[in-house]
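Let the hints inform the model, and build the full structure from the sequences given.
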Amino acid sequence: MSTNVIGKSITRPDAYDKVTGGKKYPVNYSLPGMLHMKILRSPYPHAKILSIDTSEAEKVAGVRGVLVPDDVPKQYFTPVYFVPHNAPSMVQDFVLMSDTVRWAGQPVAAVAAVSEDIAEQALELIDVEYEELPTVFDPEEAMKDGAPQLHEASPNNIAKAPSFAFGDMDAGFEEADHIFEGVYETQRVHTCYMEPRVCVVDSDTDGRLTVHSSMQHTFGLREKLAYALDIAESKVTVVKPTYIGGGFGGKLDIGFIEGLAALLSLKTGKPVRGEHSRGEDFISTTRNPIKVYLKTGVKKDSTYTARSIRSILDAGAHATHGSEVIMVHGLYGTFFPWKCPNQLWEGFTVYTNNMIGGGYRGYGAPQGCFAVESQNDEICETLGIDPIEFRLKNTHREGDPHPVLEGHKLASYKIEDCLRQGAERIGFDKRKPAGSSTEVKKRGIGFACHPLWVSGCVGFPDIYEHSGATVKLNRDGTADVISACVDLGSGQISMLTAVVAEELSLAPENVRVVYADTDTAPFDAPTHASRATYSAGLATKAAAVETKKRLFQAAAAVMEANAEDMVLEDGMVMVKGAPDSAIPMTDIIARAESPFIQVGEQGPAPTTIAEKGTIIGSASQAPPSNPSPVGAQFIELDVDTDTGVVEILRVVYSTDIGQVIHPNSAEGQVEGGFQQGMGYALMENLQFDQETGACLSADFLDYKIPTSMEMPANIESIFIDSNEPSGPYGGKSMSEMCLIVPAAAIANAVYNAIGVRITDLPITPEKILKALGKL
Amino acid sequence: MALTSVQSFYSPEDSKGVIELLAKYEDSALIVAGGTFLHGLVSRGLLSGIEALINIQKLGLNQIDVSGATMTVGATTILGQLQSCEQVQKEAWLGAVKDAMTYPPVQIMNSGTVGGSISSSCPFFDFPVTLLALDGNVQAEGGNGARTISLDEFFAGLFENSLEADEFVTGVTIPVPASKSTSAFIKMETNANDLAIINLAVSLSMTDDGSCAGARVFAGGGVGETPVRCSAAEGILSASKLDEDTLEKAGQAAADELDPLSDHRASAEYRKAMGKVLLKRAVTSAIGRLA
Amino acid sequence: MKQIIELDVNDEVHELAVEPYDSLLRTLRDRAGMQGTKRGCDSGGCGCCTVLVDGKAVYSCMTMVMSVIDKKITTVEGLPEDGELDPLQQAFIDAGAVQCGYCTCGIMMASKQLLADNPNPTEDEIRKGISGNLCRCTGYQKIIDAIKMAAAS
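Line order of the protein sequences matches chains W, G and S.
Converting from the first sequence to the working numbering requires adding 135 to each position, the first position being numbered 1.
Converting from the second sequence to the working numbering requires adding 3 to each position, the first position being numbered 1.
Converting from the third sequence to the working numbering requires adding 21 to each position, the first position being numbered 1.
No lab work stands behind these hints: they were computed from the structure.
Predicted, not measured: the structure shown is a model, and the values here were computed from it.
Check before you lean on any hint, since a few could be wrong.
Okay, derived cross-link-like pairs now, DSBU-like style, lysine-lysine, Cα gap no bigger than 35 angstroms in a straight line [what the hints assert, rightly or not]:
1) S:K169 - W:K158
2) S:K169 - W:K576
3) W:K576 - S:K149
4) S:K93 - W:K544
5) W:K905 - G:K252
Rough simulated footprint, nothing fancy, chain S against chain W, three-plus residues with beta-carbon under 8 angstroms [said to hold, decoys possible]:
6) 156 to 166
7) 286 to 292
8) 875 to 885
A virtual CB, placed ideally from N, CA and C, is assigned to each residue, including glycine.
Listed below in structure tokens is the structure:
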């Protein structure tokens, strides 16, 4: 397909503003007379609040409003964006403030004051009397009879226990020549977006709210805020942030700040701003740890015969995303990526007195990929099977039916190319037997792949997310795009710009993604689940097609031709095959837009009634399918066997994401995804005191993520030549894939280096030395 | 979190002014220079009741003097200034200082001061361990005049030191070794902007035939409330040929001498084991400087 | 209690009312309205707040404003000259080094000192020069490309 813009790396439209200071981050938003909110948080992980005395705090000069649990509507919901009546499968156990504290850090009061300092001083004067309750931090302990119970409605602290099965497990394991069993554990990690969570909520005398927030879902915030405050959705206007300082899933939820600031704004009649400290950010969202018990039967010919999986997810104090993460982990993280005739998966989302979870790029799949791909490597190692051939024996093939979506096919699915090209680039055939080096520094090469993922939440059992956009042509030949799709930094503005520029044959600099809010833009689901390119891209393309149709209709009168026969090239509308008929599109737009009758060069040629009107098009639609991106990542690393320190030397990530829309951004996703994946694999760990429940790593001094010094010098992206027939210009989505595989790939490379396998993340120097028997 | 209790910020121009303010405010005043440690304490809620901050950057204490038998480094000398000092770059005996200065990111090199890294008495810092290995001393001034405190006696516990309430650190001194000497420092860290999981500095005085005549070994970073001297390791290294066997034994001795803590950053076991590895590597690196 | 200070930011003297405990970061953002300098962690861990004080990169969140009132502060707003972007700014655009962009200004300020001290840094020197700045989007690769590009221009 010949394209003008797609497949070329246009200059990011947001880059200029960002390198000159970045005026439009939510953290920069303020209003005259704005109050500042601070939140008092529980120091106890499980307690009953007996009393709260705010009288001293209220006396502080400059304090304008105080909230305690009694002031908060007892509306139970889940911070995942669906409201209860629209999302029956979600666990609705969450409330803005409660008399029962279930994790250390839960908000128990909030103050709005004329300055942050005063609000903070006032917090210190609030006297809360707690009755401590017994705690449980380990999910398997929490499932036992007699464990402290967190929520009455959930015996044994099990918030949700989904399962899937097919085939005959007994027969499957009977048929196996070898059976492998392992337990794989992952830890709690944070998305570490750089811009803190922040909001400014204003209210008017009608109780109508206007909200600016860093949340990565414009409509979800409106929906959830209205529900939590028990007011009509139409009373809440959420302004889409022009961009935000990272999200990665960590800003998917409505946080406490939006709801509490809204209540304080309604109470005081003033705009109220809430901003998290980094410490508050660290205890407000995390990737849920999942412990995976994995048993797999394999035949001598390298095919699976049976697999049973039991996944236990630590939800923390409330289910939040945990009840959905477990589903995605089961479906797309462990069960369906691989072909296995007999399978059983059982998942458990379990309450503990740990911090609440949240969304994080990959949503349950990194935990699954780490387990399954670690075990696949063990299988190959033990049986002496070529690990690439083994993967290919057990993955789906292009053209196979989609394993989850009935009636859909894996139309673009080049897993074999990903594996073979990646292997060739890294020199996989030269890798040495595991642990064979006699040096102190041992070299390892390893890989992992993930053979099924998503381009959006389409066709999940009960989710079908849609997108919408409006595209408007201006008289100066530029286009405005109104879309509620939030750019987290991952390039949604560039993508929407490229799609519209391509469809309307405009220079990218003549396309602007403009202001949008929940009053003016059509609904869009969050920027999550690798869906923006596929879903918002397709909807925006459809809107641009409508706009073009309208343009041709307007042109029809002037050109005395049929709209159906027209094409748009380089800003000129013409009858197909007749370049002489070309008229600048700006002329047509001007004629249509102007209320006055226009006079043409050939004398008066009055505009017709049919011609008049803004050249505008809208679309709102669910994407037609959910094509799977696939990828294989190869790693070369050294392990210092005296210190246990791992140094990553080289990364090759080979992916099928269909036609690449913006190569530079796609590489950026691979490289940034690897930074997060490497942190997950080797160092990141949100740790809590197991007695007090207090977070031990609530700043960057203790929560370590890779800097430029630890990152490998080479991260190479290979984009396999592929085209997804249902995607925008043949494209699919990709972001999450870049974080699903690294931990498994690194674990396999560490194994190849030292010959001992580590099955719990992070793979710290200490664990390596222990595995080597040196500690 | 802000230090909202602070009412006044002073920038006196001589030490008399500093001492008067310290006397006036007693426990409710804090000395600041680069501000990095102060901010660390504030952001962790470890400071309260501070009414006055006393900035000592106007005292002209940012001088390095290497002309005499003693190297003197003023308290407000920033780490970057110390790093670019010619002797630090060139002299083997100052190798440990050179090494320690390679770890912090540029922002800390530009703000953190020599005086701050000592007077904060934080056992996770790098410079104190280095200075201990070089037999450094602390210069302090107070109501009773100026005095020299040996670094050994200076550190009194976690964030505690032996300064009187009206005293402050004006600088550090390091004796220039009379004989051929070399030193090195190594730090274990998780990423490039980290407190030490464990760090270790070694200083060796060498005879002409390449044997070790005397050694200083100090470890820090989670090995105790103050940096720890590894005397047994020093004994093994002294009067030896520093061959592989000696290094092995000295490393083991260093590990045996450490009684580190287990925390969320590393276990005591790991820190102990690394004491041995770091000692061997630091000695090797120090000897390498003489080649 | 607030007091009035004069602060030289980007060669312009600002008269500002500050608390004696205010950080340079808070002063720039909340008192002087210069929001290019970002708050990411407020504890010297992320580098988003990096500015130059007398040409040297510091964490403005850790710097007490009262200790720099006689110094020259440079923020990202002061990078362009005569309306032209600084070569670093242009290179960050051209290399695709900007994703969410929240770390970008701090990294450019650290790089500004790096290139001033060392106009032709090696890749290792670049990595060291920005090691006090975290980025969660890019994996640093395109940022390093951008700094190389700026050095070459």
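Hints, one by one, checked against the model:
1. S:K169 - W:K158: 26 angstroms, holds
2. S:K169 - W:K576: 31 angstroms, holds
3. W:K576 - S:K149: 23 angstroms, holds
4. S:K93 - W:K544: Violated, at about 63 angstroms.
5. W:K905 - G:K252: 22 angstroms, holds
6. 156 to 166: holds (count 6)
7. 286 to 292: Answer violated; 0 residues pass the 8 angstroms Cβ test.
8. 875 to 885: violated (count 0)
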